[in-house]
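**Student:** Sequence:
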Amino acid sequence: MTIHTIDKAQLISDVQFGDNLNHAVVQGRRSDFALMMALLSGDANESTPLTPIDTPVSNDQVLRQRFQLPDPQPLAASNEEDYQRASAQADAFHRGGIASANLRFQLAPAAMHYPPQGTHGFDEAVYHNLSGHERRHLTDTEPKRPAYNPATLYEKLTTSHCFDKMRVSA
10 MTIHTIDKAQ
20 LISDVQFGDN
30 LNHAVVQGRR
40 SDFALMMALL
50 SGDANESTPL
60 TPIDTPVSND
70 QVLRQRFQLP
80 DPQPLAASNE
90 EDYQRASAQA
100 DAFHRGGIAS
110 ANLRFQLAPA
120 AMHYPPQGTH
130 GFDEAVYHNL
140 SGHERRHLTD
150 TEPKRPAYNP
160 ATLYEKLTTS
170 HCFDKMRVSA
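In this note's numbering, the protein residues as written are 10 to 179.
A couple of the hints might just be wrong.
To be verified - Cut-off 20 angstroms, straight-line C-alpha distance, at most; resulting in silico cross-link-like pairs (SDA-like, lysine to any residue):
hint, residue 1, residue 2
1, K165, V177
2, K174, L162
3, K174, E164
4, K165, R176
5, K174, A160
6, K174, Y163
What the hints assert, rightly or not - If you anchor each label on the Cβ, the simulated ranges turn out as follows:
hint, residue 1, residue 2, range
7, A108, Y136, 36 to 42 angstroms
8, Y136, D63, 38 to 44 angstroms
9, L166, N138, 17 to 23 angstroms
These are calculated hints, taken from the structure and not from any lab test. Please read all numbers here as calculations on a predicted model, not as lab measurements. Glycine is no exception: its CB is placed at the ideal position from the N, C-alpha and C atoms.
Please build the complete structure, drawing on both the sequences and the hints.
**Tutor:** In structure tokens:
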């Protein structure tokens, strides 16, 4: 019964003991002092007054919507639309100058890097250094199997030759 009462005491600071802690020290009652120290909570969150703070969710999309910012500039061109956007920006530069190109860029930013297309992820110089056979293997997703079975090829050729002889002689 006393154990449950001690657990429910919820002693957080030495102020809650009042004069009992001071009297235990002055009178040399080490066991009482040790018991009172053991009853204090060691959790820093209980002894420090904290006010919970509501942190609103702020991710990139929410902030862009709040401040009315356009989509971020893509690092690399990923589809045909990125190439068309860059072409339109270059056309705006040739027709209206740097101010027109800058306005076009601010409205729809072009990619920073335009990797070569159709090189299967290789650098352009590396891809053009590959032999035609290696390039052909890159385009094949699954290796092509011959239409015939090499194990039975000789038998089929012999049978075909015999049928051809019979047809010619008849």
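**Student:** For each hint given before, does the structure comply? Return the numbers of the non-compliant ones in rising order.
**Tutor:** 5, 8, 9
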